[in-house]
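Trainee: Residue numbers (my numbering), protein chains in the order written: chain A, 1 to 116; chain B, 117 to 228.
One thing to keep in mind: the hints can contain errors.
Only some residues are given here: those of chain B computed to face chain A with a beta carbon under 8 Å [said to hold, decoys possible]: (1) G159; (2) D170; (3) D171; (4) K172; (5) D213.
Quick list of the computed label-pair ranges, beta carbon to beta carbon [said to hold, decoys possible]: (6) E158(B) to S27(A): 38 to 46 Å; (7) L129(B) to V53(A): 23 to 31 Å; (8) D63(A) to D170(B): 44 to 52 Å; (9) F74(A) to K168(B): 44 to 52 Å; (10) G59(A) to D171(B): 25 to 33 Å; (11) A169(B) to R112(A): 15 to 23 Å; (12) G16(A) to S119(B): 33 to 41 Å; (13) E124(B) to T114(A): 38 to 46 Å; (14) A2(A) to P156(B): 20 to 28 Å; (15) T187(B) to P70(A): 26 to 34 Å; (16) S27(A) to V127(B): 46 to 54 Å; (17) A169(B) to D63(A): 36 to 44 Å; (18) M39(A) to R212(B): 39 to 47 Å.
Now the stretches of chain B that chain A is said to cover, found in silico as 3 or more residues with beta-carbon under 8 Å [to be verified]: (19) 128-141; (20) 191-203.
These aren't lab readings, by the way, just hints derived from the structure by calculation. Quick reminder that beta carbons are idealized off the backbone N, C-alpha and C, glycines included.
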Amino acid sequence: DAGVIQSPRHEVTEMGQEVTLRCKPISGHDYLFWYRQTMMRGLELLIYFNNNVPIDDSGMPEDRFSAKMPNASFSTLKIQPSEPRDSAVYFCASSLGAGGLGGTQYFGPGTRLTVL
Amino acid sequence: GDSVTQMEGPVTLSEEAFLTINCTYTATGYPSLFWYVQYPGEGLQLLLKATKADDKGSNKGFEATYRKETTSFHLEKGSVQVSDSAVYFCALSGNRDDKIIFGKGTRLHILP
């Protein structure tokens, strides 16, 4: 099993540019989560999907952030325009079943974003 | 709301020492409890879990027991190795919840 795949692994961009992060969940999983991790704020849940439908986007910091899941095997997180404070490691995770039922989340390797 | 509190790090131990990382939780009902580990440069991965009271999760020599009476899920290992150096996250998910709530993480350093 390939696990959760994220691309790119590293992204360096300049302030004001659009950034798109990509995620391929594990086949058959019905939940997909996007997280952001920084030293200051730790691990934050940004948004999650169930069966490709966004369920809770209350963690998305502002309108500059958007996420889509057009099908069960692909999701994107877009930042437009990017700002230096968006610099972080962004993780995608997927699970089969809800966490409350013991569903395990499988994390990708992360995308390290640096906005100059 | 539901929350998880785990001991602040970093924790520094010598190889073969006994490890305890404390974790307590606040939740209604009977949540599922998890410990995740993050090795340098990697994503989080499940270390162990327990889904009901008095269950013991175990993996790679680590274990944790779901204690409803003390609302705790402490992580223990009898003899740590240098390769156990990582960040450990305690987490919970309410029994009607989709998402997992993570603690702030505890960084563990094991000295040879």
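Trainee: When you take the CB atoms of F74(A) and K168(B), is the distance between them in 44 to 52 Å?
Mentor: violated (35 Å)
Trainee: When you take the CB atoms of S27(A) and V127(B), is the distance between them in 46 to 54 Å?
Mentor: violated (37 Å)
Trainee: How does the Cβ-Cβ distance of G16(A) and S119(B) compare with 33 to 41 Å: does it lie in that range?
Mentor: Roughly 37 Å apart at Cβ, these two residues keep to the hinted range, so it holds.
Trainee: Quick check on a hinted range of 15 to 23 Å for A169(B) and R112(A), using CB atoms only.
Mentor: Since the Cβ atoms of A169(B) and R112(A) sit about 40 Å apart, the hinted range of 15 to 23 Å is violated.
Trainee: Could you see if the CB distance from T187(B) to P70(A) stays within 26 to 34 Å?
Mentor: Roughly 41 Å apart at Cβ, these two residues miss the hinted range, so it is violated.
Trainee: Quick check on the hint: G159(B) CB to chain A CB, less than 8 Å?
Mentor: holds (3 Å)
Trainee: If I claimed the Cβ atoms of A169(B) and D63(A) lie 36 to 44 Å apart, would that claim hold in this structure?
Mentor: holds (43 Å)
Trainee: Should the hint that E158(B) and S27(A) are 38 to 46 Å apart at their CB atoms be regarded as holding?
Mentor: violated (21 Å)
Trainee: Should the hint that D63(A) and D170(B) are 44 to 52 Å apart at their CB atoms be regarded as holding?
Mentor: holds (46 Å)
Trainee: Falls inside 20 to 28 Å, the C-beta gap from A2(A) to P156(B)?
Mentor: With Cβ atoms ~22 Å apart, the hint holds.
Trainee: Verify the interface restraint on D170(B): the C-beta must sit less than 8 Å from at least one C-beta of chain A.
Mentor: violated (15 Å)
Trainee: Are D213(B) and chain A close enough, Cβ to Cβ, to be under 8 Å, as the hint says?
Mentor: Because about 4 Å separates D213(B) from the closest Cβ in chain A, which is inside the 8 Å limit, the hint holds.
Checked against the numbered hints given earlier, this structure breaks hints 2, 3, 4, 6, 7, 9, 11, 13, 15, 16, 18, 19, 20; the rest are met.
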